[in-house]
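Asker: In order, the protein sequences belong to chains A and B. For the first sequence, this note's numbering begins at -2 and goes up steadily by one. For the second sequence, this note's numbering begins at 722 and goes up steadily by one.
Heads up, a few of these hints could be off.
[What the hints assert, rightly or not] Using C-beta positions, here's what the derived DEER-type ranges look like:
| id | chain 1 | residue 1 | chain 2 | residue 2 | range |
| --- | --- | --- | --- | --- | --- |
| 1 | B | V833 | A | S126 | 36 to 42 Å |
| 2 | B | L781 | A | F271 | 43 to 49 Å |
| 3 | B | S980 | A | L27 | 40 to 46 Å |
[What the hints assert, rightly or not] Restricting the straight-line Cα-Cα distance to at most 20 Å, the calculated cross-link-like pairs of lysine to aspartate or glutamate (DMTMM-like) are:
| id | chain 1 | residue 1 | chain 2 | residue 2 |
| --- | --- | --- | --- | --- |
| 4 | B | K836 | A | D273 |
| 5 | B | K983 | A | E125 |
| 6 | B | K983 | A | D196 |
[Said to hold, decoys possible] Per the computed footprint, the stretches of chain A lying under chain B, defined by three or more beta-carbons under 8 Å from a beta-carbon of chain B, are:
| id | region |
| --- | --- |
| 7 | 94 to 104 |
| 8 | 242 to 255 |
| 9 | 279 to 288 |
Because the hints were derived from the structure by calculation, they are not lab data. C-beta atoms are modelled at their ideal positions from N, C-alpha and C, and glycine is treated no differently.
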Amino acid sequence: MMRRFVQSPYAVVLVLAIVVAILPLLLPSLFYLRVAALICIFALAVVGLNLLIGFAGQVSLGHAGFFGIGAYAVAVGPTHLGIPPWLALIVGAIAFLVGRPILRLRGHYLAVATLGMGLLFAMVFANESAWTGGPDGMPVPRLELFGWRMAGPWTWYWIAGVTLVIGAWIAANVIASPTGRALRAIHDSETAAQVLGIDVARYKLIAFVLSAVYAAVAGAYLAMFDGLVTPEVAGFLRSIEFVTMAVLGGLGSTLGGIVGAALLVLLPQLLTVFHDYEHIALGLVMIVVMIFVPAGIVPSLASLLGWRRS
Amino acid sequence: MPEFLQFAFSGLTVGAIYALVALGFTLIYNASGVINFAQGEFVMLGGMVTVFAHAAGLPLPLAALTALVTAVVIGLALYRLAIEPARGASPVTLIIITIGASILLRGATSIVFDKNFHSLPPYAGRDPWIVGGAALLPQSLIVLGGAAGIVAALWYFLTRTLTGKAVLATAANRLAARLVGINTNAVVGLSFAVSAAIGAIGGILMTPITFTSYDSGTLLALKGFAAAMLGGMGNPLGAVVGGLMVGLLEAFSAGYISSSYKDAVAFLVILGVLFLMPQGLFGRSGVERV
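Bound-form chain A, shown alone (with noise of 0.2 Å):
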């Protein structure tokens, strides 16, 4: 009983959706739930890329380009061209476009292409400073809803969590579903995926969009929640943390995604009182982990735990 249960891609979300309901009342401090609204953010947008590279097996190392367009678009969006933040959700067709060309690449061709890609949003972040405040970013307008202003850590953490919750539902749907098994099909080997009449092209695309949306989202949310936006956000090293943060918590398990994201938030909140040596504790976890468990945290303890269908 149990081990269907677990089994199913429902039984993630619905305890997912627990532990955001109740992780409020265990938080001491206003400081901690912040964290918890920024750990629902980030796992957001790395659920999205697991659809692309857990389930599709594209590596993007340009993500945080999305996420950047993202958090730009609730910034310039309503202070320029008096556009409400809603644009943000344009980045479906921005990848759309992109995606198409990129997308023919495989394996580290991939890889340096959306990494270009990635490099080239952040740049025009950085540079176009009449319209994006240059290197020293520029502040975000404060979103109102039906007159209800939205800030401060608890709006955010029940918006974040609940995006992340409905999110993650998606996400399972997307897996159950044949696109799901099509883009396993295409992770496996495309050309055998091919062969059996999978339009590799097209489902490759359409995972590749929807982690760009997830990151868009996301990386909106970031930029409300901070009240500020830099370039910073769709840098290099963002998405290089993306990725590790999928690939820590476990590639292919919406749960790991969240386990990453949580663990790679919380560890530098963690390591601060190594000071110093912050940076070579955060190195050496990565490598222990994926030394030991390189599948990954979730999955690995999965299987530890006999839950994982063989």
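Given the coordinates of chain A, work out where chain B should sit on it, guided by the hints.
Answerer: Just chain B now, kept in the frame of chain A:
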């Protein structure tokens, strides 16, 4: 015309360093299939250790040798302690390990040394020569000469020595290489050591021109990786051509278009090349086995 030459000189100098980083990527990739994102840290270590060994009173050649040995030891340690234990892991997992290693090395360097920028005195005079109206620093020639020397030595090693041929054999087919009695583990270790040495030499050569600091490796790794992919992953000639191209593209677009978008032009060209030639300039198209 003098302008053009000036940009070409600076582009070739930076490009030579990118080429060395790309060569390091290529060697390790060929031997082990690992994309080593810690490659830039070897360049950083080459520069930083030389600076501090020199400041501690060692004569420059000895300081450079210390840096070289340090980088090689760290390269071997990276292989033995982080890559070898994770053998059989997926490529993404291995990439995360090398990224972890590069964060660790950066952190360690900032503690052992410091977080400031450092430079070295030029190895052969400060006065530039005027060539066709453009200034050419003696140090630029040293960088170019050093890079050319490394490429030549590497070519000789790979094609004219038995050990070098073992490296090529391992790159071509690991299992077949094992069957004919090649110790492929030793070959992979060797390629990490050689890559570290090449990176460190690059760092030693370029520090008088470009400054170095604990975090200067990241950008170099990025450019070197892009250069290696532009040339075609796994092809040493492609790595060198790719590196020089990225350097020249940067210099010319910084000079003629806009210095804040110099990287943008380089990456736009890389994207363009990859769209037309998905395997890079010199890469062979692989056949996927199902």
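Asker: Take the C-alpha atoms of K983 (chain B) and E125 (chain A), compute the straight-line distance between them, and say whether it is at most 20 Å.
Answerer: 14 Å, holds
Asker: Given that the region 94 to 104 of chain A was listed as covered by chain B, double-check it with a C-beta distance under 8 Å for 3 or more residues.
Answerer: holds (count 6)
Asker: Quick one: see if chain B covers the region 279 to 288 of chain A, three-plus residues with Cβ-Cβ under 8 Å.
Answerer: Result for this restraint: holds, n = 8.
Asker: How about the region 242 to 255 of chain A: do at least three of its residues have a C-beta closer than 8 Å to a C-beta of chain B?
Answerer: Per the Cβ count (3), the hint holds.
Asker: Need the status of pair K836 (chain B), D273 (chain A): alpha-carbon distance at most 20 Å?
Answerer: Distance ~11 Å between K836 (chain B) and D273 (chain A) Cα, so the pair holds.
Asker: What's the verdict on K983 (chain B) and D196 (chain A), does the C-alpha distance respect the 20 Å limit or exceed it?
Answerer: 38 Å, violated
Asker: With respect to the beta-carbon atoms only, verify the hint that V833 (chain B) and S126 (chain A) lie 36 to 42 Å apart.
Answerer: 38 Å, holds
Asker: Can the suggested window of 40 to 46 Å be confirmed for the beta-carbon pair S980 (chain B) and L27 (chain A)?
Answerer: 44 Å, holds
Asker: Do the Cβ positions of L781 (chain B) and F271 (chain A) conform to the proposed distance bound of 43 to 49 Å?
Answerer: 35 Å, violated
Violation of the numbered hints given earlier is confined to hints 2 and 6; the remaining hints are satisfied by the structure.
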